[in-house]
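As given, the protein sequences belong to chains H and L, one line each in that order.
Using numbering that gives the first Met the number 0, the first residue of the first sequence is number 0, and each one after it goes up by one.
Using numbering that gives the first Met the number 0, the first residue of the second sequence is number 0, and each one after it goes up by one.
Don't take every hint at face value.
[Said to hold, decoys possible] Now the in silico label distances, taken between C-beta atoms and shown as ranges:
| no. | chain 1 | residue 1 | chain 2 | residue 2 | range |
| --- | --- | --- | --- | --- | --- |
| 1 | L | P54 | H | F190 | 23 to 31 Å |
| 2 | H | L260 | L | K80 | 56 to 64 Å |
| 3 | H | R109 | L | Y85 | 50 to 58 Å |
| 4 | L | Y173 | H | R109 | 50 to 58 Å |
| 5 | H | C46 | L | L31 | 32 to 40 Å |
| 6 | L | E107 | H | F190 | 31 to 39 Å |
| 7 | H | A222 | L | W20 | 55 to 63 Å |
[Claimed, not checked] Calculated lysine to any residue pairs in the SDA-like style (CA-CA distance at most 25 Å, straight line):
| no. | chain 1 | residue 1 | chain 2 | residue 2 |
| --- | --- | --- | --- | --- |
| 8 | L | K170 | L | A155 |
| 9 | L | K84 | L | G143 |
| 10 | H | K196 | L | K140 |
| 11 | H | K196 | L | P98 |
| 12 | H | K65 | L | A155 |
| 13 | H | K65 | L | G94 |
| 14 | L | K129 | H | A58 |
| 15 | L | K129 | L | Q163 |
| 16 | L | K80 | L | R16 |
| 17 | L | K170 | H | N220 |
| 18 | L | K171 | L | H120 |
| 19 | L | K171 | H | P63 |
| 20 | L | K140 | L | G94 |
| 21 | L | K80 | H | S207 |
| 22 | L | K93 | H | R52 |
| 23 | H | K196 | L | P72 |
| 24 | H | K12 | L | Q13 |
Calculated from the structure, these hints are not laboratory results.
We treat Cβ as the ideally placed atom computed from N, Cα and C, and that holds for glycine.
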Amino acid sequence: MEPPAKTTSGLEKIRNAYESLWFRPVDECQYALIRIAFSIVAFLNLCELWPYRHSFFSAEGMIPQKVAFAETQYFYLSLFGIFQSPVAVSVYFVFSALAIVCLAIGWKPRIAAFFVFLWLMSCSVRAPVAAFGWDSVLQCFSFLILVSPLGRGWKIPRKGFPPERIVLNYGLTLMRLQVLVIYLQAVTTRFQDPWWKNGEFFAYFLFSYHSIWSGPWIVENLALLKLITWATLVVEVSLPFLLLIPRTRWIGIILGCVFHLAIILASPNIAMFSLTMMMTYVVFLRTDDIVRLRSRFSPEHAD
Amino acid sequence: MKSSKHEAHSRALQIPRLTRWIILAFGTFHGLMLIISIAPIYKAPHSSLLPALAPYHELTGTSQDWSLFHTIPTTHSLSSKMTIKYPDGRVEEKGPILPGMLSSSTEEHLRYSYMIERVVHAKRFEAYGKGWSDEVAELVKNSGGESFEIEIVTEATRHLFHIQKDGVYFKKLYNRFGTHGASSENY
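Based on the sequences and whatever the hints tell you, model everything.
Right, here's the structure in full:
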């Protein structure tokens, strides 16, 4: 018979394992890196949206406010409900750009993160018909950044890395889970699609307006394109696991970056999608990586 | 009860007990929400979970309903034009992009093409197409026009089997709506 002490120890292990998802101490630079990477991509996305601002978000555009309101299921939380004229929309864009810059440099980062979250939500609620998948990824990441430690110790103007500060890892856990969910959702829906299953997806993709490599060569190389379609599925199934397992995280990060850089080469018009997904890989960096970066850029803090 | 090593870390970081519980409750709740959002039972038609959890997913942007190439993209190119008829019989050609009645092309304006593709081909976004048409109708009326028609020309990729058979890659699909003739026509 097992002694009672062993049972307690087992429960203790489970409790420790669960608590380590939320309360493991990590270097706050991990959060700072995410904050900065996210801000860069969010800023690029804002720049990409700028030419469309009056068409999608102003009262003189193509989407009437009342339609956006009626089509919103629960909460119409969009500041474009207040800023309706073209000038007001432009001013709100500039304000949000400043909030993103503040978030990047770590100046009043919590307030900046709130306004960045509000901005992304305002856009997605006001013009969901014009929103791409990467807009949604940025929106849910902005929420997680808002509720996570922000890495206040690392501000861009400072040289090198700041002295080590310890924070909790609950935000990293939720961000990692979010990335895992993105890939799992993509893979489960693709496995139900006949074009992904029969391997013809990539041929159609190359014929679409997303691709710059459209041409007769596609039908002449269908076997190769089928292999690429299935290889894509294999990469997408394996990526979350490679990223999650500490020993294989760098294989996952490199594989994911190569995969998304290839997408940029084939379809530069959806480069924002690849940049957004590559940004999410920063959450898989570990304390070891930070220590290595620290010793490389700021040798006095290496220990 | 013996405190866990993470509780010890929390104490070292001077995290109040209440904050610890808030983090634990929020982390567990949000984590579950993320996992549930991709569970088949959640997205199933008539799911009773959907109305209960959708407000949280909408608020946090975590509904995970992005369409990152879940199926084949079939549009090769998309162009749009608008004709306005005036009471004196004059016909003017403009673009349907507001404001300014501008033209757009797939190469230069990805988001316009994406939006137009969705309002024309996706039932879920029908109301946005109607709203856009109403906005154009109002502008045309204010500029003294009698009626208008927006024509969307989609070059759609044909089935690979047919392409291999006759070497024709695309077929043109015409969608027209507006107030020329019938009040709204879409074919």
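Going down the list of hints, with the structure as the test:
no.	hint	verdict
1	P54(L) to F190(H): 23 to 31 Å	29 Å, holds
2	L260(H) to K80(L): 56 to 64 Å	37 Å, violated
3	R109(H) to Y85(L): 50 to 58 Å	57 Å, holds
4	Y173(L) to R109(H): 50 to 58 Å	52 Å, holds
5	C46(H) to L31(L): 32 to 40 Å	36 Å, holds
6	E107(L) to F190(H): 31 to 39 Å	35 Å, holds
7	A222(H) to W20(L): 55 to 63 Å	58 Å, holds
8	K170(L) to A155(L)	5 Å, holds
9	K84(L) to G143(L)	9 Å, holds
10	K196(H) to K140(L)	50 Å, violated
11	K196(H) to P98(L)	43 Å, violated
12	K65(H) to A155(L)	32 Å, violated
13	K65(H) to G94(L)	23 Å, holds
14	K129(L) to A58(H)	16 Å, holds
15	K129(L) to Q163(L)	38 Å, violated
16	K80(L) to R16(L)	63 Å, violated
17	K170(L) to N220(H)	22 Å, holds
18	K171(L) to H120(L)	14 Å, holds
19	K171(L) to P63(H)	29 Å, violated
20	K140(L) to G94(L)	16 Å, holds
21	K80(L) to S207(H)	21 Å, holds
22	K93(L) to R52(H)	20 Å, holds
23	K196(H) to P72(L)	15 Å, holds
24	K12(H) to Q13(L)	23 Å, holds
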